[in-house]
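From first to last, the protein sequence lines are chains A and B. Numbers 1 to 403, taken from the UniProt record's numbering, label the letters of the first sequence in order. Numbers 1 to 382, taken from the UniProt record's numbering, label the letters of the second sequence in order.
Hints may be right or wrong, so weigh each one.
[What the hints assert, rightly or not] Straight line, CA to CA, 27 Å or less: simulated DSS-like cross-link-like pairs of lysine-lysine:
hint	chain 1	residue 1	chain 2	residue 2
1	A	K67	B	K132
2	A	K60	B	K50
3	A	K238	A	K199
4	A	K321	B	K59
5	B	K275	B	K50
6	B	K231	B	K11
7	A	K140	B	K132
8	A	K321	B	K206
9	A	K67	B	K59
10	B	K59	A	K388
If you are wondering where the hints come from, they were derived from the structure by calculation, not from laboratory data. Here the structure is a predicted model, which means the values were calculated and not measured.
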Amino acid sequence: MKFDHIIIRYGEISTKKRNRKGFVEKMKAHIRWSLKDIEGVVLTANRERMYVLLNGADHKPVIDRLKGIFGIQSLSPAIKIERDLEVMKTAALYYLNHTLEEVNTFKITTKRADKDFPYNTDEINRAIGGHLLRNTEDLKVDVKNPDLNLLVEVRREAVYLTGEIIQGAGGLPFGSSGKGMLMLSGGIDSPVAGFLSMKRGLDVEAIHFYSPPFTSERSRQKVIDLAGKLAEINGSMKVHIVPFTEIQLLIQKQIPENYSMTTTRRLMMRVADRIREKEEAMALITGESLGQVASQTMSSMFAINEVTNTPILRPLITMDKTEIIKIARELDTFEISNLPYEDCCTVFTPASPKTKPKREKVNYYESFVDFDSLIEKAVSETEVLTVKPGQTFDKEEAMEDLF
Amino acid sequence: MIYFDNSATTKPYPEVIESFMKVTSDYFGNPSSLHGLGVQSEKLLSAARKQIADLLKVKSSEIYFTSGGTEGNNLAIKGAAHSQGNRGKHIITTAIEHPSVEDACQSLTKMGYEITYLPVYEFGQIDVTDLKDALREDTFLVSIMHVNNEVGSIQPIVEVGKLLKQYPNVLFHVDNVQGTGKVTLSLRDANVDLCTISGHKVHGLKGTGILYVREGVRVDPLFHGGNQETKIRSGTENVAGIVALSKALRISMNNQLMYHDKLQQIKTYLYKGLKEMDGVLVNSPEEGAPHIVNFSVPGLKSEVLLHALESEGIYVSTTSACSSKKRTISKTVDAMFHNSARSESVIRISTTYGNEMEEAKQVLAAIQKIVANLEKIMRVAK
Numbered sequence: 001m002k003f004d005h006i007i008i009r010y011g012e013i014s015t016k017k018r019n020r021k022g023f024v025e026k027m028k029a030h031i032r033w034s035l036k037d038i039e040g041v042v043l044t045a046n047r048e049r050m051y052v053l054l055n056g057a058d059h060k061p062v063i064d065r066l067k068g069i070f071g072i073q074s075l076s077p078a079i080k081i082e083r084d085l086e087v088m089k090t091a092a093l094y095y096l097n098h099t100l101e102e103v104n105t106f107k108i109t110t111k112r113a114d115k116d117f118p119y120n121t122d123e124i125n126r127a128i129g130g131h132l133l134r135n136t137e138d139l140k141v142d143v144k145n146p147d148l149n150l151l152v153e154v155r156r157e158a159v160y161l162t163g164e165i166i167q168g169a170g171g172l173p174f175g176s177s178g179k180g181m182l183m184l185s186g187g188i189d190s191p192v193a194g195f196l197s198m199k200r201g202l203d204v205e206a207i208h209f210y211s212p213p214f215t216s217e218r219s220r221q222k223v224i225d226l227a228g229k230l231a232e233i234n235g236s237m238k239v240h241i242v243p244f245t246e247i248q249l250l251i252q253k254q255i256p257e258n259y260s261m262t263t264t265r266r267l268m269m270r271v272a273d274r275i276r277e278k279e280e281a282m283a284l285i286t287g288e289s290l291g292q293v294a295s296q297t298m299s300s301m302f303a304i305n306e307v308t309n310t311p312i313l314r315p316l317i318t319m320d321k322t323e324i325i326k327i328a329r330e331l332d333t334f335e336i337s338n339l340p341y342e343d344c345c346t347v348f349t350p351a352s353p354k355t356k357p358k359r360e361k362v363n364y365y366e367s368f369v370d371f372d373s374l375i376e377k378a379v380s381e382t383e384v385l386t387v388k389p390g391q392t393f394d395k396e397e398a399m400e401d402l403f
Numbered sequence: 001m002i003y004f005d006n007s008a009t010t011k012p013y014p015e016v017i018e019s020f021m022k023v024t025s026d027y028f029g030n031p032s033s034l035h036g037l038g039v040q041s042e043k044l045l046s047a048a049r050k051q052i053a054d055l056l057k058v059k060s061s062e063i064y065f066t067s068g069g070t071e072g073n074n075l076a077i078k079g080a081a082h083s084q085g086n087r088g089k090h091i092i093t094t095a096i097e098h099p100s101v102e103d104a105c106q107s108l109t110k111m112g113y114e115i116t117y118l119p120v121y122e123f124g125q126i127d128v129t130d131l132k133d134a135l136r137e138d139t140f141l142v143s144i145m146h147v148n149n150e151v152g153s154i155q156p157i158v159e160v161g162k163l164l165k166q167y168p169n170v171l172f173h174v175d176n177v178q179g180t181g182k183v184t185l186s187l188r189d190a191n192v193d194l195c196t197i198s199g200h201k202v203h204g205l206k207g208t209g210i211l212y213v214r215e216g217v218r219v220d221p222l223f224h225g226g227n228q229e230t231k232i233r234s235g236t237e238n239v240a241g242i243v244a245l246s247k248a249l250r251i252s253m254n255n256q257l258m259y260h261d262k263l264q265q266i267k268t269y270l271y272k273g274l275k276e277m278d279g280v281l282v283n284s285p286e287e288g289a290p291h292i293v294n295f296s297v298p299g300l301k302s303e304v305l306l307h308a309l310e311s312e313g314i315y316v317s318t319t320s321a322c323s324s325k326k327r328t329i330s331k332t333v334d335a336m337f338h339n340s341a342r343s344e345s346v347i348r349i350s351t352t353y354g355n356e357m358e359e360a361k362q363v364l365a366a367i368q369k370i371v372a373n374l375e376k377i378m379r380v381a382k
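Extracted from the complex, chain A is given alone in its bound form:
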C-alpha cells in the first residue's frame, strides 16, 4: 500500500476568471521544476485542481517541496484503490498511520457516487471506522472537530481515499506578476522584502551596492549567501553588483554631511532604476519599514522618491522589527544577515543624518555636481552573477577536492 497521488488546491487563483489559465500554467511550470529530479511523478491539472501522480515515488519529499510553492492553498495525499471493502479498510489504516500531523481523533465521510456499490454510506463508515479503532491505540471518534476527516469516495472506476489537509504557501504563482528589482543589502530586512514580493508572484532580481575597499569581500559574500537562500524558491537568482565607491566618495566631498545620506539613497535609486530599465523589470523593491532609520522617515522617503516614478514596492513598510525578524528566521536568512561586516550603508553614515530632509535643499546641493556620468559608469561596470541555492560558497576547482 502506498499513496498514489497528491491533490493540489489553488488558492487565490481560483478567484481569477479569464486570466486563470496563465496563472495555472506558471504554477504548473514551477511545480514541474521543483519535482524534476523525483522519478516517476506526473502532473495533471484541471480547472479546479492539480494532481501529482506519484507512480511509486515516496509522497513525503514531494509534499515537502510542494509546501514551498506559491499559489498552492493546500494539498492532500490520496490513495486510489479497488472497490473492495477489505482493501478499503487496509488503505484507511495505512492513511491514518502515515499522516504528517499526529491524529488523535477522526471521522469517516463516505461519498457514494456509484449507487450500485453493495454497501451504503453508513455501512462503509462503520466498517472502516471499526477497523481503525480495533487496530490503533488511543484513537477516538469525533464527528464535530476531528483531527482527520477521512474522505472515502466511491466511484464507478475506483475508490478514492483522502483527508489530511496540509497548508500550502499561498500567494501567487512564481513569475505571474512580472519582474521586480530588489535592493539587497546585507541587512535583515531586504531579504524578507524579496521573499514577500516573490510570494506575490514577482520574479525578483537583486541589486547590491558594493564599495571596495571600504567594504570587504565578506560583505559581498554575505549578499551572495542571502541571494542563495532566496534562490531556493525557484532555483536561481540574478544578482547585480554595482561598484559604488566612486559615487560615495564624490558625495562625501560635495554634499553637506547631514544631507549625504539622502543623496546617497537618491543615487542608489537612480542607479537601480537604470538597471531595472536594462532588465525590463517594472518595479523596485526595498526593505524599508516606516520610521526604522533616518532614511525611512516619511520626509526622507518623500525626498528620496523624487528621482523616479517607477513603482517602489515596500512590502515591510508597516511591519515592526520583531515581525520582520520572525520571517527572517523562518527564511533562514537571519543568521547570515546578522554577521557583522561593514556594508556601503554603514561605512559612510553621517553622525546626524537629517530625518526631515527637504526636496528643495537636496536638489540644490546636488545641482553643483554631475553625477550622471558616474551613474552610467557604475551601471556599465556592474557585475552580474547567477546564484544557485546551496552553491553560495563557490568552491573553486582547487578547493573542491578538499571536501
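Given the coordinates of chain A, assemble chain B onto it according to the supplied hints.
Just chain B now, with coordinates in the frame of chain A:
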C-alpha cells in the same frame, strides 16, 4: 597486521590526510582575519560546516567545532548546567557512559548537582520506563550515549526523544562518538538537543570534533576568548582539521550506505564463532552495532590475551582505550552481568569499513588457538 581496534581510533583515510596537508600549507590564514587570506580560510570553514550540516540533516548554525569527543561531552554537559543557573540541579545518565560523560557529570556534584545513573540490562540497554520514573521536577538534562563504546549496545534514542518531547524543560544530550558512520540516527526525529561526534573515530584526525547544538538551546562556553564559534567555543579554529573532518564524515557515511551489510556479515561471523567457542562468553548483544564484538574468557586476564593476540599481529583492546591503562575491569560488562570474573577478562574487537572477512577468520582461529593453549596453562595453575 590486522587492526581490529577501530573503536579506539581509526586510521585516517589517505584523502583526508591530503586535504589536511593542502589546507594547512596553502590556506593557512586565520579565519578571523579580515584580509583575503583570512577570508579564504573562513570560506573553507563555512563550506565544511555546511557539508557537515547537510550530512547530519541539520542547519549550519547548529554545528560547532570542538577538539573531539571529550570536549564535546564536557561542553554539552557542563555548558548546559552552567546556563541553567538554579533552574535545575538534576541530571540523568546511564551506568555505562564514557568517562567524559560520567566524570563531567560527577564534577558537577561538587556544585550541588544530583546525578541519577540508569541501570542497563542483559543486552546493555536501558529501559525507558526507568528513565520515565527517574525524571523529576528539577531534571534539566538527560545524557545517553547512542552506541556503547565497549560492547556496542544501541540505546533506544528515538524512544527516549519521544518521551522527552513531553518534557520541554529537559535537554537531551547524545554522545554519538561510537555510532556516527556506523548506526543511523536522525537528530531531528529523535528530538536531540545536543550531540557529540569525534573526528578520529570516523577516519578523520585526532583533535577534531563536532558538537551539534539545536537552535534555541543555550550552553555556556568552557573557554573564553576570541568569541569564535558564536562565543560557544573560543579559540582559533583548526581549519585544516575541520575540512579533513568534513571529508572523513562524508566518506564514512557513504561507506555506511555501501558497505553496511559487509560489516554486519563480519560481525555476525565473529559473534557466532565466539559464541560456540569453549570457555568464551560473548558480552555484546547480537542486535548491537555492526562493528563491535566484546567477549570474555573468565579466569584469563584481558591483558594476557591481548598480548598473545598482538604477538600474532592482531590488534584489539581490553575495555575502552581511554580507561584500559587505569583498571582492568570493564564497567559496562560489570553493569550488564554483575560478574567480576567476566568483567576482568574482557576483549573488544572493533572493525570498520575496509576490514575483510578473511581477517575475521584469521582472528577467530588465533583466539581459538590461544584460548586452548592458555587454558592448559591455567588448569595447571589451578
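Here is how each hint holds up against the structure:
no., hint, in the structure
1, A:K67 with B:K132, "violated, 36 Å"
2, A:K60 with B:K50, "holds, 24 Å"
3, A:K238 with A:K199, "holds, 17 Å"
4, A:K321 with B:K59, "holds, 24 Å"
5, B:K275 with B:K50, "violated, 44 Å"
6, B:K231 with B:K11, "violated, 32 Å"
7, A:K140 with B:K132, "holds, 26 Å"
8, A:K321 with B:K206, "violated, 45 Å"
9, A:K67 with B:K59, "holds, 19 Å"
10, B:K59 with A:K388, "holds, 18 Å"
Of the numbered hints stated above, those contradicted by the structure are hints 1, 5, 6 and 8, listed in ascending order.
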